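Colleague: Sequence:
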Amino acid sequence: MMMRGILRWRSGNTLPKYKEGFFVFRDFHAPGRSAVYAPHAMAATSHPLATNAALEILREGGTAADAAVAAMAVYAVAEPHMTGIGGDCFAIVAQPDGTLSGMNSSGRAPKNVSADKLIADGLLDIEPHSVHAITVPGALRGWEKMLKDHGKFSFEQVLQRAIGYARDGYAVSPRAAFDWKEAVDFLKRDEGATELFLKDGHAPVAGEVMRNPQLAETLEAIAKGGADAFYHGPIAEEIAAVVQSKGGYLTAEDLAAHEAVDLTPVTTDYRGVTVAELPPNGQGIIALVMLELMKRFDWTDLDPMGPERFHLQMEIAKLAYSGRDRFLADPEFMEHDPQAFLDPDYIDGLAKLIRTDAILPRQPEDVLSPKSDTVYLSVVDENGLAVSFINSIYHGFGSGIAAPKSGVLLQNRGACFTLEADHPNQIAGGKRPMHTIIPAMALKDGLPYMSFGVMGGGYQPCGHAHVLSNHLDYGMNMQEAIDCPRMFIDEKSLSLQAETSVPAETVEALKALGHEVAIVASPIGGGQAIMFDRANGGGLIGGSDPRKDGCALGY
1 MMMRGILRWR
11 SGNTLPKYKE
21 GFFVFRDFHA
31 PGRSAVYAPH
41 AMAATSHPLA
51 TNAALEILRE
61 GGTAADAAVA
71 AMAVYAVAEP
81 HMTGIGGDCF
91 AIVAQPDGTL
101 SGMNSSGRAP
111 KNVSADKLIA
121 DGLLDIEPHS
131 VHAITVPGAL
141 RGWEKMLKDH
151 GKFSFEQVLQ
161 RAIGYARDGY
171 AVSPRAAFDW
181 KEAVDFLKRD
191 EGATELFLKD
201 GHAPVAGEVM
211 RNPQLAETLE
221 AIAKGGADAF
231 YHGPIAEEIA
241 AVVQSKGGYL
251 TAEDLAAHEA
261 VDLTPVTTDY
271 RGVTVAELPP
281 NGQGIIALVM
291 LELMKRFDWT
301 DLDPMGPERF
311 HLQMEIAKLA
321 YSGRDRFLAD
331 PEFMEHDPQA
341 FLDPDYIDGL
351 AKLIRTDAIL
361 PRQPEDVLSP
371 KSDTVYLSVV
381 DENGLAVSFI
391 NSIYHGFGSG
401 IAAPKSGVLL
411 QNRGACFTLE
421 ADHPNQIAGG
431 KRPMHTIIPA
441 MALKDGLPYM
451 SFGVMGGGYQ
461 PCGHAHVLSN
471 HLDYGMNMQE
481 AIDCPRMFID
491 EKSLSLQAET
501 SVPAETVEAL
511 KALGHEVAIV
521 ASPIGGGQAI
531 MFDRANGGGL
541 IGGSDPRKDG
551 CALGY
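According to our numbering, the stretch in the sequence shown is residues 1 to 555, in order.
These are calculated hints, taken from the structure and not from any lab test. Note that the structure is predicted; figures quoted are calculated from it, not measured. Hints are supplied without guarantee of correctness; some may be wrong.
As the list claims (entries may be wrong) - Simulated pairs of lysine-lysine, DSBU-like, Cα-Cα distance not exceeding 35 Å:
hint	residue 1	residue 2
1	152	246
2	444	188
3	405	148
4	181	444
5	117	492
6	511	148
7	117	352
8	295	117
9	199	188
10	492	152
11	188	246
12	111	492
13	405	224
14	181	199
15	295	152
16	352	492
17	181	352
18	352	224
19	152	188
20	405	246
21	188	148
22	199	405
23	117	148
24	152	199
25	152	352
As the list claims (entries may be wrong) - Just the calculated beta-carbon pair ranges, DEER-fashion:
hint	residue 1	residue 2	range
26	117	495	34 to 42 Å
27	536	27	19 to 27 Å
28	213	97	43 to 51 Å
29	358	267	50 to 58 Å
30	421	257	40 to 48 Å
31	298	97	30 to 38 Å
32	28	191	34 to 42 Å
33	272	97	53 to 61 Å
34	213	244	54 to 62 Å
35	336	121	30 to 38 Å
Ideal Cβ positions, reconstructed from N, Cα and C, are used throughout, including at glycine.
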């Protein structure tokens, strides 16, 4: 199953020479940014204000967990289209000795909802803009658990920067403004969202100052009273009342019942590195399935931006994602143990379906069965504690429904449910939906090696595999691995979506092979990564995606 090609990088230039697996230099004549090096601590986020908040907490003596929550809270203010306290979060934490722990704080469907009720109301599916897509906001219990389990600081200490930006204002960043203008009509559907996120009916432009004083008051209440101030009392009651006023089933009791839970990460090995993902209800297992399939092929002689590499990667994604859509759900309702998807015989069977000279059609269920918009950040502190943390309201501006008094925009994660009878991911009261947001961590020789994540909804497992392959198969450093052009599959049609930076000759070669390929208007996802540079004394190397506004910084 080996394929051969010419190893190329950037407009046909040959790759720089390797030095112990990493590039010695980059082309300083070409646009781009260097990876960031720091000896002690580092934060990598998609917004400069979030990175700065994390570094300030670290310098004040906080842990990586304290810094991660502080940065995520700033995200919740400055990138409201991507995340917020009305969404969910997940995390993987690596102790300095390599011990891993996971956390799932995704919210459940309202207790009183059922597929039968929604079908009786005339629904054929749960659309992203539907009030029935709103699930319990899980994020704040997750933040609280992160501080309790791995932090030193209180909510009062870590939320101050976010409170200040919400109350006094922040300048809208370029990528946020780019996304915001596309959501104007969507936000106008809801009075609360219009009041909170539009100015005279318009989206803010880059550099314009935005405020959310209602959210500032909510964050101040949480700073004083903890997550209970959100899940009990006036804030929870307002959220429930807003949802019910639009025909939804969410109650204050649903919010009060929410808890963040511990998880044991699932791992696999790839090119000498142990890669850790969280088990379902998230889709992290799909990243591991892709890596297991990728191990069956030789990538090192393939052009990282060439048609052979993208063809193989996209065919692997087709198989892995088709299995996800049929089988992944709340683990209490899944037909198969997640570990079954990593069984060598199952992976070998899937790998045999992939051809280098033809494209795969959609596969039937018996083949796929193992029995036959989002923000991410990474922080590493001076003691070597590494936090991989992701928080989302799902689609841009989530459900588009806001609680105006508390300033909270509600997620639409319930759109990941299905109404299909007997499907493990069919909506039911108190059930968690299949989730797309996934943090990742990698170990080498038993010690933390890389804390990383890639944003982009369904793209994330593919993004994890792509970035890891860029680094481990092609020797790219953290920034190069994130920068490298991306492709993805349309999850319904199985056609390919390519960024404008994918070479035209690669696109044409894929079309000649039988793929339908479209160039996407917006970049695919985002991402951050921090790597332990143990070969050079134990410092850190970080990268942050130029597809977003953020940066990696350290000291």
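Colleague: If a hint holds in the structure, say so; if it doesn't, say that too.
Modeller: Tested hints:
1. As the CA atoms of residue 152 and residue 246 are separated by approximately 41 Å, the hinted pair breaks the 35 Å bound.
2. At most 35 Å may separate the alpha-carbon atoms for a hinted pair to count; residue 444 and residue 188 exceed this at roughly 49 Å.
3. Note on residue 405 and residue 148: the hinted pairing holds, with a Cα-Cα distance of about 29 Å set against a maximum of 35 Å.
4. Proposed proximity of residue 181 and residue 444 is contradicted: the alpha carbons are some 43 Å apart, above 35 Å.
5. Restraint check for residue 117 and residue 492: the C-alpha separation of about 26 Å stays at or below 35 Å, so the hint holds.
6. Of the supplied pair hints, the one linking residue 511 and residue 148 is violated, its CA atoms being roughly 52 Å apart against a limit of 35 Å.
7. A hinted pair counts as satisfied when its Cα atoms are at most 35 Å apart, and residue 117 with residue 352 does not qualify at roughly 43 Å.
8. Distance hint between residue 295 and residue 117 is unfulfilled; the C-alpha atoms sit about 45 Å from each other, more than 35 Å.
9. The straight-line distance between the Cα atoms of residue 199 and residue 188 is roughly 11 Å, inside the 35 Å bound, and the hint therefore holds.
10. Restraint check for residue 492 and residue 152: not satisfied, since their Cα atoms lie roughly 45 Å apart, outside the 35 Å limit.
11. Our distance criterion of 35 Å between C-alpha atoms is met by residue 188 and residue 246, whose separation comes to about 15 Å.
12. Using a Cα cut-off of 35 Å, the hinted pair residue 111 and residue 492 holds, with the two alpha carbons roughly 30 Å apart.
13. About 18 Å separates the Cα atoms of residue 405 and residue 224, which keeps this hinted pair within 35 Å; it holds.
14. For the hint pairing residue 181 with residue 199, the CA-to-CA distance comes to about 11 Å; that is within 35 Å, so the pair holds.
15. For a cut-off of 35 Å, the pair hint linking residue 295 to residue 152 is broken: about 41 Å separates their Cα positions.
16. This hinted pair checks out: residue 352 and residue 492 have alpha carbons roughly 23 Å apart, not beyond 35 Å.
17. Only pairs whose Cα atoms come within 35 Å are accepted, and residue 181 paired with residue 352 is rejected, the gap being roughly 45 Å.
18. At roughly 58 Å between alpha-carbon atoms, residue 352 and residue 224 are farther apart than 35 Å, so this suggested pair is violated.
19. As the CA atoms of residue 152 and residue 188 are separated by approximately 41 Å, the hinted pair breaks the 35 Å bound.
20. This hinted pair checks out: residue 405 and residue 246 have alpha carbons roughly 16 Å apart, not beyond 35 Å.
21. Taking the CA atoms of residue 188 and residue 148, the gap is about 39 Å. The hint is violated against a cut of 35 Å.
22. At most 35 Å may separate the alpha-carbon atoms for a hinted pair to count; residue 199 and residue 405 meet this at roughly 17 Å.
23. Straight-line distance between C-alpha atoms of residue 117 and residue 148 comes to about 39 Å, which puts the hinted pair past the 35 Å bound.
24. Between the alpha carbons of residue 152 and residue 199 the distance comes to roughly 39 Å, so the proposed pair goes past 35 Å and is violated.
25. Straight-line distance between C-alpha atoms of residue 152 and residue 352 comes to about 50 Å, which puts the hinted pair past the 35 Å bound.
26. A hinted range of 34 to 42 Å holds for the C-beta pair residue 117 and residue 495, which are about 35 Å apart.
27. In this structure the supplied range 19 to 27 Å holds for residue 536 paired with residue 27, their Cβ-Cβ distance being about 22 Å.
28. For the pair residue 213 and residue 97, the supplied restraint of 43 to 51 Å holds, since their beta-carbon distance comes to about 44 Å.
29. At about 33 Å, the CB distance of residue 358 to residue 267 disagrees with the hint of 50 to 58 Å.
30. Range check, residue 421 to residue 257: Cβ separation about 27 Å, and the 40 to 48 Å hint is violated.
31. Between residue 298 and residue 97 the Cβ separation comes to about 34 Å, which falls inside the hinted range of 30 to 38 Å.
32. A beta carbon spacing of about 51 Å between residue 28 and residue 191 contradicts the range 34 to 42 Å that was offered as a hint.
33. Against the hinted window of 53 to 61 Å, the Cβ-Cβ separation of residue 272 and residue 97 comes to about 19 Å, which falls outside the hint.
34. Under the hint 54 to 62 Å, the C-beta atoms of residue 213 and residue 244, about 25 Å apart, miss the expected range.
35. The given range of 30 to 38 Å is respected by residue 336 and residue 121, whose C-beta atoms sit roughly 32 Å from each other.
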